[in-house]
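Those protein sequence lines, which keep their order, are chains P and B. Throughout the first sequence, residue numbering follows our numbering, covering 6 to 209 in sequence. Throughout the second sequence, residue numbering follows our numbering, covering 2 to 482 in sequence.
Heads up, some of the hints might be wrong.
[As the list claims (entries may be wrong)] Okay, the calculated beta carbon distance ranges per label pair:
id, chain 1, residue 1, chain 2, residue 2, range
1, B, 51, P, 97, 22 to 30 angstroms
2, P, 76, B, 182, 40 to 48 angstroms
3, B, 297, P, 97, 27 to 35 angstroms
4, B, 15, P, 38, 50 to 58 angstroms
[As the list claims (entries may be wrong)] Part of the chain P face toward chain B, derived, beta carbon under 10 angstroms:
id, residue
5, 10
6, 18
7, 25
8, 33
9, 54
10, 58
11, 62
12, 146
13, 164
14, 191
Please keep in mind that the hints were generated in silico from the structure rather than gathered at the bench. Even for Gly, the Cβ is constructed at its ideal location relative to N, Cα and C.
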Amino acid sequence: MSAREEVLGRIRTALGPDRHAAPVPDGYRTQAGLSPAELLDLLAERLSDYRAIVRRAEPARLPEVAAGALAERGARRLVVPPGLDLPGLDGVDLVEDDGLSARELDRFDGVITNAAVAIAETGTIILDGSAGQGRRALSLIPDYHLCLVQAGQVVGLVPEAVARLRPDRPLTWISGPSATSDIELDRVEGVHGPRTLDVILIGA
Amino acid sequence: MSTPVYLGMPVAPRGVGHLRGEPFPAAARRALADSQLRRNLGRATATIRAKRAAVVGELPDWEELRLAGEAIKTGTMAHLDRYLEQLESQVTARGGVVHWARDAVEANRIVVDLVRATGASEAVKVKSIVTDEIGLNEALAAAGIRARETDLAELIVQLGHDRPSHILVPAIHRNRAEIRDIFLREMGDAPPGLTDSPAALTEAARLHLRRAFLSARVGISGANFAIAETGTLCVVESEGNGRMCLTLPEVLITVMGIEKILPTWADLGVFLQLLPRSSTGERMNPYTSMWTGVTPGDGPQQFHLVLLDNGRTAALADPAGRSALHCIRCSACLNVCPVYERTGGHAYGSVYPGPIGAVLSPMLTGVGDNATLPYASSLCGACYEVCPVKIDIPSILVHLRARHVEETHRPTPEAVTMAAASWVLATPGRLRAGQRAGRLGRLLSRDGRIRRLPPPLAGWTAARDAPAPPAQTFRDWWRSR
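In isolation and in its complexed conformation, chain P is listed as follows (with noise of 0.2 angstroms):
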């Protein structure tokens, strides 16, 4: 008998006719019940909470404060996924990737994706791979992060980002900066993954 099958088997014998189940209580939150302007003030709290730069921009002044982003940390030449939604940027030099190995993406300063979807209750960017976000290796290996966030693309609570979300999609939920509490639990910020993230919150 192959191990599939006995497996399979196994778990048949084990559990017999009888398989009952009771159905899955739904009392929790499915919806936050925040206004669009609660939901933004909660997402920058919550990320500034674990140690991510916030800043906020409407639509038409998104250069600028991008560009004081990349100023103040010293960014000049960083890499974007094809479909960015951003104009080009004095004095910046933006590369698109093109299927970089990992060690060129290694030693650029930093690089710039859109996202998804962000979840403001637990602080959250996530990243789906598609136009202006690109494949995971690109928010990953520069040590410096800039993710513009649309206020559209902004939910309260976990089951709403889940629901908005495409499963067949490689799929990266962001947190903050990489950390680690593996010594002593002391939080240290900055392992593997970038060690600085800055979003942009874009909406009014």
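Knowing the structure of chain P, use the given hints to seat chain B on it.
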């Protein structure tokens, strides 16, 4: 060597992996004598208990989420065969390859063969307890393949030639000074002036692993969740080492216990709230990766999923203990356990320590091979209160104690004592005679306590005093009034 069975189900085989150790009382006694260990543990568990309590308290619907989590897991187990077949067909349809492993030996052979087929002599690993359960690193080493742990705590454990002692923070038993010494001695490229600040130690680990990540050809991971409906795998982490291992290699091999499956995509909305808050005490862990089969142009272009039994179906066959398989490995029960807090994880002898380990390990190996673990608890119930999927660990512990007594044919001192008590208590005359005889116990006592009883009762006083029998029994006193 024969492997015992429970209700006809083979348990995890002996001689491979890390589910069995020396008896708990002996290991615990040694751990309790290590004052450094107790200081490290006391500080760490207190910190994480406070963090968890704060973020759990933020949610008005925490109890509703726990109820949903419990029901989802119960429903999953009730139709585990169907969900596994569904997962297999979804992963396969998206370009992945699914392998089934009856036990640790078979899983190790599958992974070794897969790595060999790539021609690589090294693999980078995401922290995974299940690969530790089956002893995968040893199997790879025997095949000439170097498995590099990339989680900071697992790296500390691996470089220290040590064993993990906690589900979430495997190096919780080490303090910063010990970690600095390990890095300087074992890392090879640690900066000579390395200090013991956590930031400096973390930076040393980052530089040490950077080259390995950028040149890795094979990644090996476990899985926190797998979605039957969509074929999606999910790994939660903090450092980004997981993303490195899941994204950069050409080949990804994921080893997963069959119980980690969830039926639907929407179930993640519940479990991605329960797990991070219970585990690291964060609203959300820094990184969560999800992938479904192979995505052209993004990440590994070969994906293998190994579905592992290794005693899980034996646990499933025990209706009173089955819910131990609901565990999502958050480790909240370890951090609140008065026994774990004092003995640490090594005393449990298994990769699954603490209250959940005291039920899970004996169910995976058969109770006979971990017979002392169901007794490694005061049954205070704190573990049940914090469990995000409401596993009633105290009840399972009591159930496993009963199973142990039933499965042990040799009469224990406890069984002999209980049989004698039942004979003595059967008639008033026997009780009267027994109580008179018991008064002889006063000869052993000093200051009203008996510090050491003779065999076969010596076990009772090994860890506690027995009160001296009174000079006059209640019955004598009543008659004399």
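**Request:** Could you check if residue 33(P) really has its C-beta closer than 10 angstroms to a C-beta on chain B?
**Result:** Check passed: Cβ of residue 33(P) comes within 4 angstroms of chain B, closer than 10 angstroms.
**Message:** Please check whether residue 164(P) passes as an interface residue: C-beta within 10 angstroms of a C-beta belonging to chain B.
**Reply:** Nearest chain B Cβ about 3 angstroms off; hint holds.
**Asked** Was the hint right that residue 10(P) lines chain B, CB cutoff 10 angstroms?
**Response** 9 angstroms, holds
**Asked** Is the gap between the beta carbons of residue 76(P) and residue 182(B) within 40 to 48 angstroms?
**Response** 42 angstroms, holds
**Prompt:** Any CB of chain B closer than 10 angstroms to the CB of residue 191(P)?
**Reply:** With a closest approach of 4 angstroms, the residue 191(P) hint holds.
**Message:** Given a cut of 10 angstroms on the nearest C-beta pair, is the interface hint for residue 54(P) held or broken against chain B?
**Reply:** Nearest chain B Cβ about 8 angstroms off; hint holds.
**Request:** Classify the hint on residue 62(P) as holds or violated, based on whether any CB of chain B lies nearer than 10 angstroms to its CB.
**Result:** 24 angstroms, violated
**Prompt:** Has the hinted range 27 to 35 angstroms been met by the Cβ atoms of residue 297(B) and residue 97(P)?
**Reply:** 31 angstroms, holds
**Message:** Holds or violated: the 50 to 58 angstroms window for the beta-carbon distance between residue 15(B) and residue 38(P)?
**Reply:** Holds, at about 55 angstroms.
**Request:** Would you check whether residue 18(P) satisfies its interface hint, that is, whether its CB is within less than 10 angstroms of any CB in chain B?
**Result:** OK, holds: residue 18(P) within 10 angstroms of chain B, min 7 angstroms.
**Asked** Is the interface hint for residue 146(P) satisfied, with its Cβ closer than 10 angstroms to some Cβ of chain B?
**Response** 8 angstroms, holds
**Request:** Return the status of the interface hint for residue 58(P): holds when the least beta-carbon distance to chain B is below 10 angstroms, violated otherwise.
**Result:** Not OK, violated: residue 58(P) not within 10 angstroms of chain B, min 15 angstroms.
Hints 1, 10, 11, counting from the list given before, are not met by this structure.
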